[in-house]
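Mind docking chain B on chain A? Use the hints.
The listed protein sequences correspond, in order, to chains A and B. Be aware that the first sequence starts at 1, since it is given in the UniProt record's numbering, and climbs by one per residue. Be aware that the second sequence starts at 1, since it is given in the UniProt record's numbering, and climbs by one per residue.
Misleading hints may appear alongside valid ones.
As the list claims (entries may be wrong) - Listed below are the simulated DSSO-like cross-link pairs for lysine-lysine, each with C-alpha atoms no more than 30 Å apart in a straight line:
hint: 1; chain 1: B; residue 1: Lys-232; chain 2: B; residue 2: Lys-175
hint: 2; chain 1: A; residue 1: Lys-198; chain 2: B; residue 2: Lys-251
hint: 3; chain 1: A; residue 1: Lys-250; chain 2: B; residue 2: Lys-16
hint: 4; chain 1: A; residue 1: Lys-148; chain 2: B; residue 2: Lys-97
hint: 5; chain 1: A; residue 1: Lys-106; chain 2: B; residue 2: Lys-250
hint: 6; chain 1: A; residue 1: Lys-198; chain 2: B; residue 2: Lys-148
hint: 7; chain 1: B; residue 1: Lys-251; chain 2: A; residue 2: Lys-148
hint: 8; chain 1: B; residue 1: Lys-16; chain 2: A; residue 2: Lys-148
hint: 9; chain 1: B; residue 1: Lys-175; chain 2: A; residue 2: Lys-198
hint: 10; chain 1: A; residue 1: Lys-63; chain 2: B; residue 2: Lys-232
hint: 11; chain 1: A; residue 1: Lys-22; chain 2: A; residue 2: Lys-74
hint: 12; chain 1: B; residue 1: Lys-250; chain 2: A; residue 2: Lys-232
hint: 13; chain 1: B; residue 1: Lys-17; chain 2: B; residue 2: Lys-97
hint: 14; chain 1: B; residue 1: Lys-16; chain 2: A; residue 2: Lys-251
hint: 15; chain 1: B; residue 1: Lys-198; chain 2: A; residue 2: Lys-198
hint: 16; chain 1: A; residue 1: Lys-232; chain 2: B; residue 2: Lys-8
hint: 17; chain 1: B; residue 1: Lys-232; chain 2: A; residue 2: Lys-232
Think of the hints as simulated: they come from the structure by calculation, not from any bench. In this text, all values refer to a predicted model and were calculated from it rather than measured experimentally.
Protein chains: 2
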Amino acid sequence: METILSVKNERVKQWKKLQTRKGREKAKRYLIEGFHLVEEAIHYDAPIVELLISEEHEDLAFKYPLDKQVMISKEIANQLSETPTTQGVFAVISLEKNQATPTFTKPFLCLDTVQDPGNLGTMIRTADAAGFGGVVLGSGSVDMYNSKVLRSMQGSHFHLPIFEGDLTEWFETFKQQNVPIYGTELNEAAVSYTSIPKTDAFAIVMGNEGNGMQADLLAKTTKNLYIPITGKAESLNVAVAAGILMFTLKK
Amino acid sequence: METILSVKNERVKQWKKLQTRKGREKAKRYLIEGFHLVEEAIHYDAPIVELLISEEHEDLAFKYPLDKQVMISKEIANQLSETPTTQGVFAVISLEKNQATPTFTKPFLCLDTVQDPGNLGTMIRTADAAGFGGVVLGSGSVDMYNSKVLRSMQGSHFHLPIFEGDLTEWFETFKQQNVPIYGTELNEAAVSYTSIPKTDAFAIVMGNEGNGMQADLLAKTTKNLYIPITGKAESLNVAVAAGILMFTLKK
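Isolated chain A (complex conformation):
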């Protein structure tokens, strides 16, 4: 097994560049961290380039495919980690854009300019749990390979198709497929989500935490839903609202 102990090693510099969106897009690779995510990557045959294991976790090496392992020093692990206490296990993964053909027999979650990494990752994880057919990440959203998004997704991007693209074009496709598009902007035309019958196929759109959905997209939705608030809170967290809608609307 290869061993790299100096933080000044050129490889370490390359790995650290994966902590930024620019670095990830240039290298066409991203970095995941922690036992759970690495195990999910292996289990779901993600395109793993390298597995980095801190020397203090040498005993774990047997758990992982040997041919791709690189032993690293604790110091390197601390520099690569984006958590307060690292588990010392990382994987470098090829960043391959999803080219799958979407199937429209299951619901879709569309994310319009969502900016908080934790919210974005949690919504993708929830769509996975709810048995959705896929997620469409509209332009202007936070990068899905951001370390906080990866932590919140808990590996869901390994088993749920995530498409990045222009939501206007996706809305056209949904319409051609007779898939209703539900917006989530509180306005006069909005109807309570409880009035919508459960169905197999629909698209639900969650907007930006502060500004909601983009106006031109909102105009193209089939219906606009709201969740009635009976207490004194002004609104729900976007990931909580998405969870309520996804689990209630799907058949």
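This is chain B only, laid out in the frame that chain A set:
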């Protein structure tokens, strides 16, 4: 209006101590930050001791009660802030434990050793939005006056009764009041939440993110609920699960 410009001022030192649980409990005060929270505190008659306004926001001073205002320097605001970019507006509030008598005609959310501040705050905000009667924060949970909890609650603690106490004693009370207690631990006896009829009064218990509910509490629940997962995600985020349960179970 009083003005304090030096970060070395004794008052600044006292305010900074409110950033820790120990400091808050000793001073019996806590600190909130930002326009929205401060406005909620004023609107709901929270026991405000002082309002701190950064000198660069002098123009905002007219919006707030004048008698409690202290003008502070930008440097002090930056030291008191626990956000990347501060809005420069703070309030020091008396920490008065909730002594209200609970009414059992509405549902209750019980939190058992929940550790993540964002999850805790989001669940309290959701209980508020769902029109719950109150929240019981069991011992061993994160401090509700932690700045991250306060940010996620978005002021819900100003309008929803939050009780801190021993959940075992609360469970006894719920039983005396014929209020069903729903646990949320995935085990053999668990039933799908969709099989529970909507009711006005019940208690739902959310457990620790990693370890779930404490075993002795779990044994005392009326029923144990789970949310069926149809995709490949292993679980839901606890705040998302709480949101789905609260909005689905209440009448």
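Hint-by-hint comparison with the structure:
Taking the CA atoms of B:Lys-232 and B:Lys-175, the gap is about 37 Å. The hint is violated against a cut of 30 Å. With a CA separation close to 19 Å, the supplied pair A:Lys-198 and B:Lys-251 stays within the 30 Å bound. For the hint linking A:Lys-250 to B:Lys-16, the alpha-carbon distance of about 48 Å lies beyond 30 Å, and the restraint is violated. Only pairs whose Cα atoms come within 30 Å are accepted, and A:Lys-148 paired with B:Lys-97 is rejected, the gap being roughly 35 Å.
The straight-line distance between the Cα atoms of A:Lys-106 and B:Lys-250 is roughly 28 Å, inside the 30 Å bound, and the hint therefore holds. Taken as a hint, the A:Lys-198 and B:Lys-148 pair is broken in the structure, with Cα atoms around 36 Å apart against an allowance of 30 Å. The straight-line distance between the Cα atoms of B:Lys-251 and A:Lys-148 is roughly 36 Å, outside the 30 Å bound, and the hint therefore fails. This hinted pair checks out: B:Lys-16 and A:Lys-148 have alpha carbons roughly 28 Å apart, not beyond 30 Å.
At most 30 Å may separate the alpha-carbon atoms for a hinted pair to count; B:Lys-175 and A:Lys-198 exceed this at roughly 35 Å. Annotation: proposed proximity of A:Lys-63 to B:Lys-232 holds, straight-line Cα distance about 22 Å (limit 30 Å). Taking the CA atoms of A:Lys-22 and A:Lys-74, the gap is about 26 Å. The hint holds against a cut of 30 Å. About 16 Å separates the Cα atoms of B:Lys-250 and A:Lys-232, which keeps this hinted pair within 30 Å; it holds.
Distance restraint check for B:Lys-17 and B:Lys-97: the Cα-Cα separation of roughly 19 Å lies within the 30 Å cut-off, and the hinted pair is therefore satisfied. A distance of roughly 51 Å separates the Cα atoms of B:Lys-16 and A:Lys-251; the hinted pair therefore is violated under the 30 Å criterion. This hinted pair checks out: B:Lys-198 and A:Lys-198 have alpha carbons roughly 17 Å apart, not beyond 30 Å. Between A:Lys-232 and B:Lys-8 the alpha-carbon distance is near 40 Å, which puts this suggested pair outside the 30 Å criterion.
Between B:Lys-232 and A:Lys-232 the alpha-carbon distance is near 36 Å, which puts this suggested pair outside the 30 Å criterion.
The earlier numbered hints that this structure contradicts are 1, 3, 4, 6, 7, 9, 14, 16, 17.
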